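Asker: Chain by chain, the residues run as shown.
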Amino acid sequence: MILGRVLGTVVASRKSPRLEGGKFLLVEKIDPATMKGKKEYIVAIDGAGAGIHEIVFYATGSCGRYTDATEGKPSDATITAIVDAIEIDGDYVYNKATDA
Amino acid sequence: MILGRVLGTVVASRKSPRLEGGKFLLVEKIDPATMKGKKEYIVAIDGAGAGIHEIVFYATGSCGRYTDATEGKPSDATITAIVDAIEIDGDYVYNKATDA
Amino acid sequence: MILGRVLGTVVASRKSPRLEGGKFLLVEKIDPATMKGKKEYIVAIDGAGAGIHEIVFYATGSCGRYTDATEGKPSDATITAIVDAIEIDGDYVYNKATDA
Amino acid sequence: MILGRVLGTVVASRKSPRLEGGKFLLVEKIDPATMKGKKEYIVAIDGAGAGIHEIVFYATGSCGRYTDATEGKPSDATITAIVDAIEIDGDYVYNKATDA
Amino acid sequence: MILGRVLGTVVASRKSPRLEGGKFLLVEKIDPATMKGKKEYIVAIDGAGAGIHEIVFYATGSCGRYTDATEGKPSDATITAIVDAIEIDGDYVYNKATDA
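These protein sequence lines map, in sequence, to chains A, B, C, D and E. Residue numbers 1003 to 1102, in this note's numbering, belong to the letters of the first sequence in order. Residue numbers 1003 to 1102, in this note's numbering, belong to the letters of the second sequence in order. Residue numbers 1003 to 1102, in this note's numbering, belong to the letters of the third sequence in order. Residue numbers 1003 to 1102, in this note's numbering, belong to the letters of the fourth sequence in order. Residue numbers 1003 to 1102, in this note's numbering, belong to the letters of the fifth sequence in order.
Note that these hints are calculated values from the structure, not bench results. Please read these numbers as outputs of a predicted model, since none were measured by experiment. Treat the hints with care, since some could be wrong.
Same chains, same names: a pair is fine if it fits in one copy or spans any two.
As the list claims (entries may be wrong) - Distance condition first, Cα-Cα at most 20 Å in a straight line; then the derived EDC-like pairs of lysine to aspartate or glutamate: (1) K1038 to D1086; (2) K1041 to E1030; (3) K1040 to E1030; (4) K1031 to E1042; (5) K1031 to D1086; (6) K1031 to D1091; (7) K1041 to D1091; (8) K1025 to E1073; (9) K1041 to E1089; (10) K1031 to E1089; (11) K1040 to E1056; (12) K1098 to D1086.
Chain A extracted, bound-state conformation (with noise of 0.2 Å):
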């Protein structure tokens, strides 16, 4: 899975009617070794409650459906998870709690 960022949402109402109910949120990629942005930016499926500001990761190609909120859509890019902490060698680079 890739650690990201949300910045935005991403509206769309001409689109695939199975993508219907979709929320399609902005994930700018992150370096988990200094927590900034990659430039790199992929439109994901919201399957995890995130919002703006939040640090996630995501699941890339067929594994974006295999979520309760994506089954049957054509995610290729699906958040499954909001992350509360980065933790390497017993420190912590990221921690909700404390640095959001």
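Got chain A sorted already, so can you dock chains B, C, D and E onto it with the hints?
Answerer: Positioned in the frame of chain A, the structure of chains B, C, D and E alone reads:
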């Protein structure tokens, strides 16, 4: 899903029989932070009724077959939505109604 | 799907039995804005009767198995169409009838 | 499969219900010629009992679901093996018994 | 499929049970125009009886499971053929009989 702009069409009379009836569009990936083209191109099957110059997003991989327009077709890139607006932090970086 | 030019052939007598009967072509990806090769190469199974020098597009991933030529074959790159023309904003950037 | 080093853990309490019970590890891809990290990171589900600092390889895409640990889980990156040794031309470039 | 050269082997005693019996080879991608390595490496399961130094191609993604050697195994990279020759415009850029 990946954001792109429809540039034109690709004509192919000799093709896999399963592609019959598909409309092939040339799409350039865009950077949503600037809305500029990234000079990376893909041929996508239209699954949303997209027209030239429109901002769209498309689904890749096996998800490309999960639309009414591409069921059973070997499409690894299918346009699944026409974008109305992209909003970052409450501001529109793209608004079809006013920008197009 | 990805645009490319057929450069030549790859011969492989020892191979997975399921690949028997497949024709392996060496394809160079092209940039449709300039029609120049990108020096990125792939081995694709021919699913469209392509010949050397022809401009084609190919399907990747699991879509590579969704053609009559590759059903049941482990092909992650299958040529699914021979390109006649590429049109951008009403102008031909490629027209096989006049360019080839 | 891709070679990497386990750097740490990712904690996520709000997630797709299908991910319950999965252990999320932060993995940095490595270059086996030098065994150095490539500063490219991925979140992988552990399917092999991996620990911090271990050299592993992981399976991507739909293969990520083809392990006992991830069956039915939307995992596009699953650690499927812990590496004991990497041998090039009869020489060990990595040998866990002596290097770790 | 992607062209590569077999460099060596990867030993992994602790692994997903479904990988039991698989032979893991370290493969470096090559550029067929020069036949030089690209310093990009992958661990592939051998599905063609490949040996060290041989030029091969491998299938990626779900296609990696579509060989007799990898059925049911989480292999996202499987060597499916040993290359005898690569021909561009009627000239051999690689001919195993004379080059190897």
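Asker: Next step is simple, just say for each hint if it's right about the structure.
Answerer: Evaluated hints:
{"no.": "1", "hint": "K1038 to D1086", "in the structure": "within (16 Å within a copy, 28 Å between copies)"}
{"no.": "2", "hint": "K1041 to E1030", "in the structure": "both (6 Å within a copy, 17 Å between copies)"}
{"no.": "3", "hint": "K1040 to E1030", "in the structure": "both (7 Å within a copy, 16 Å between copies)"}
{"no.": "4", "hint": "K1031 to E1042", "in the structure": "both (6 Å within a copy, 11 Å between copies)"}
{"no.": "5", "hint": "K1031 to D1086", "in the structure": "within (17 Å within a copy, 23 Å between copies)"}
{"no.": "6", "hint": "K1031 to D1091", "in the structure": "between (22 Å within a copy, 17 Å between copies)"}
{"no.": "7", "hint": "K1041 to D1091", "in the structure": "between (27 Å within a copy, 16 Å between copies)"}
{"no.": "8", "hint": "K1025 to E1073", "in the structure": "within (14 Å within a copy, 23 Å between copies)"}
{"no.": "9", "hint": "K1041 to E1089", "in the structure": "between (23 Å within a copy, 16 Å between copies)"}
{"no.": "10", "hint": "K1031 to E1089", "in the structure": "both (18 Å within a copy, 17 Å between copies)"}
{"no.": "11", "hint": "K1040 to E1056", "in the structure": "within (16 Å within a copy, 26 Å between copies)"}
{"no.": "12", "hint": "K1098 to D1086", "in the structure": "within (5 Å within a copy, 32 Å between copies)"}
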